[in-house]
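Peer 1: Sequence:
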Amino acid sequence: MGAHVARPARPTTSTLILALVFVLLWLMVVSFAAPPSQPSPAVDALLKFKSSLRNNMPLTSWDASVEPCNWNQGNWIGVLCHNNTIWGLQLENFGLTGTIDIDALVSIDTIRSLSFMNNKFDGSLPEFRRLGKLKALYLSNNRFGGEIPETIFQDMGSLKRLYLANNEFTGNIPTSLTALSKLTVLKLEGNQFTGQIPDFKQKDLKTLNLASNELEGPIPASLSNLNPNSFSEPVWTASKSMSNPPSPTDVKKSKSHAWKIVLIVVIIVVVLAALALALFLFHKKKKHEAALTPSTSVAAATFNAEQVQHQAPPRPQHSSSRTRRADHAKLSFLRDDIEKFDLQDMLRASAEVLGSGTFGASYKAVVLRGQAVVVKRYRHMNNVGREEFHEHMRRLGRLSHPNLLPLMAYYYRKEEKLLVSEFVEHGSLASHIHGNHSLEEQGLDWQTRLKIIKGVAKGMAYLYNELPIMVPHGHLKSSNVLLDNSMEPLLTDYALRPVINPEHAHSLMIAYKSPEYTLRGQTTIKTDIWSFGILILEILTGKFPENYLLQGYDRNANLAAWVNKMVKEKRTGEVFDKEMTGTKNSKSEMINLLKIGLSCCEEDADRRLDIKEVVEKIEELKEGNPEEDYYGSEANTFSVRGNDEDFSFALDR
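The sequence shown runs -33 to -1, 1 to 620 under mature numbering (1 follows the signal peptide of the UniProt record, and there is no 0).
It is possible that some hints are incorrect.
[As the list claims (entries may be wrong)] As a list, the in silico SDA-like pairs of lysine to any residue whose alpha-carbon atoms are at most 25 Å apart:
1. Lys510 / Glu470
2. Lys535 / Thr548
3. Lys425 / Met454
4. Lys381 / Leu475
5. Lys307 / Met360
These are calculated hints, taken from the structure and not from any lab test.
Between the sequences and the hints, there should be enough to build the whole structure, so can you do that?
Peer 2: Right, here's the structure in full:
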C-alpha cells in the first residue's frame, strides 16, 4: 500500500465571502482616504498658457475638469493629440493677442508642432529655442517684428518647417537658420529683412520663400538645387530686390567711360542686350501688374508653399518626374466667356496667400491683363480617378446661378488638385460678421443680413434642383459665402463631397458634424438644411459656431442649443448681434427668421423644413425701408440692445 499524501483543506464558502468583504472594505477605505484627483501637469501648463493670452474666448473648451486628449482625438479646441499625449497646438484664425508663455510650453515635453498663424501676436520673437524638440513652427500672418537674434534657432536641431511669413521682422536673416540640418521648408516672405541671403546648404531644403523683403547681393550657389519648374517660383524671381550675380558684360558696361574706343563695339553689344532685356521685363511686368495695389502686408506667394501639415508627412517626390509632369501640365477651362491663360502664367504670376482652409491653401493670383483669380489647392482628393474627377468638374462647370461662384478652371494631378475661380473683392461673410468693426466700418445691418440669407437660400435651392447627390453643398459655412460689390452672396466650395477622400470628408466637412451623422452615421437630404440653419443663427447672433471646431456633434455645445436656451429663459433680446441695426417694423421679421433658423436645426432631420419650405418662408420676410434707418428720426431706428420683452416668443416644440 502506498503512503497517503495529505491534501490541503479547501477554503469554505464562508471563508471566501469574508475575504471578499475584507477586500471591498479595504478598497473603500483607500478610495476615501486618497486625495482628490488633481489636474495633470500638462493641463496646468496649458491653462497657464491660456491665461497669458488676451482675447482667449475661442478657448472656452479648455477646462480643467476635462482631459485635453482622448487618445488620438483632442477634447480641447486646437490641441493635437497622439497616443493620449499632447504633441501640438493648432491655434489659427482666433484673433489671439498677448504673450506666448514659453515657460508653460516648456513643461509639456511631448510638443512637436506649434501653429499660431493668422492671429495678432506682436513684439519680438519669443524664445522658441527652449523648445528644442519642435519639428514645426508656424507663425505666419501675425505682427511680430524687430530684429531676430542671430542665435535664436541654435538649439532647434529637430526643426523641419518654419513659417515666419507676413510679419514685420527687420535686420538680417539669422545665420543660425543655416545650421538647422533637417529644415525642409522656410517661409520668410512679406517681412523687411535686409542684407545678404545666408548660405543655406541643407540638402533636404525643398521650399524657400524670401519674397517681398529688402535683400540684396548674389544668390548663393547652394540654392541652385531648388527646382524652379515645380509649383514654386524660383527664389531669385520671388523677390523684387534680389538679383543674380552681375555678368562680366555688365561689369564692362559700368566701367565703359574709362575704356577707350577699342571697346565701343563691346559697349554697343551690351547696350543692345540690356534694351532687349528691359523690353522683355517691361512686357512681363505689364502683363502681371495692372491690377496690383502696392501694400507692405501683401506678399508674393509660391504655389508649392507647404501649408500646415499636422498629420502624416507628405510623400517624397522626385524632382525629375515632377518637372516632366509640369512641362506637360495644362489647365482645363470650364467657361468660354473668359480669356484663357496657361498653368505657367498662373504659377509665375504675382500672388498673395489668402489663407489656409480646411482642405488646403488659397492664393490670389493676377494673370493676363490684370485679371485676378483665386487658386485653391486641394490635397485630399487623391483617391478619385482621373476620369471621375474630370466628369465631376464638368458637371460643376455647367452650373450657373447668380448666387454661386462659378468654377473657371481646374488642374488635375494625382497628388493634388487646383481649382480656379474669380477673385471676389469683398471677401467672405465670416470676415464681415466676425471682423473688427468701427464707426467708419460698421457691422452688417438687418437689411443686408436678410438679403444675404435670401441669396444663400436661392443658391441652395438651385443646388438641390440641379445635383443628384444627397448632400448638394456639404460644406456650407460663413467662410464659404463670399460677398460681391452689391453684397450679394456667392456660395463656394459646393458639391465637392464626391471627390473628397471619405476619411477627410467625414472628419472635416460641415455636413459630417450634423446630428444625424454623429448619432446614426448617416447623412440625409436635409443635412444641408441643418448647416443652413446654423448659418442663419450665426448671421443673426454674430456668434461663431464653435461646434464646427469640434469633432462630430454635441447637442449641448452648439449654436442652436444656446439660442434655444436663451429663448426658454426669456432672454431673447440677448441673442441678436449687438452690431445689427434695423427699423422698428423689422423686429417681428427678425423673430420670424430666428424661428426659421431653429426649425432648420432640429436634431431630428424629419422635423426640419425642406428646402422649398425654407425658401418660401424666407422670401416672405421683409427687409424694411433702409431710408428709415439712415435718414429717419432717432425714434424710428433701433438696435438689438432692446429689452427682452420686445423679442420674447414661444417656440412651437
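Peer 1: Within a Cα-Cα threshold of 25 Å, do Lys510 and Glu470 meet the stated pairing?
Peer 2: violated (29 Å)
Peer 1: Under the criterion that the straight-line Cα-Cα distance not exceed 25 Å, is the pair Lys535, Thr548 satisfied?
Peer 2: With Cα atoms ~24 Å apart, Lys535 and Thr548 stay inside 25 Å; holds.
Peer 1: Hinted pair, alpha-carbon criterion (25 Å max): Lys381, Leu475. Please report holds or violated.
Peer 2: Holds: Lys381 and Leu475 sit about 21 Å apart, inside 25 Å.
Peer 1: Within 25 Å, alpha carbon to alpha carbon, are Lys307 and Met360?
Peer 2: holds (17 Å)
Peer 1: If you draw a straight line from the CA of Lys425 to the CA of Met454, is it 25 Å or shorter?
Peer 2: The hint holds at about 15 Å.
Violated hint for the displayed structure: number 1, the only one.
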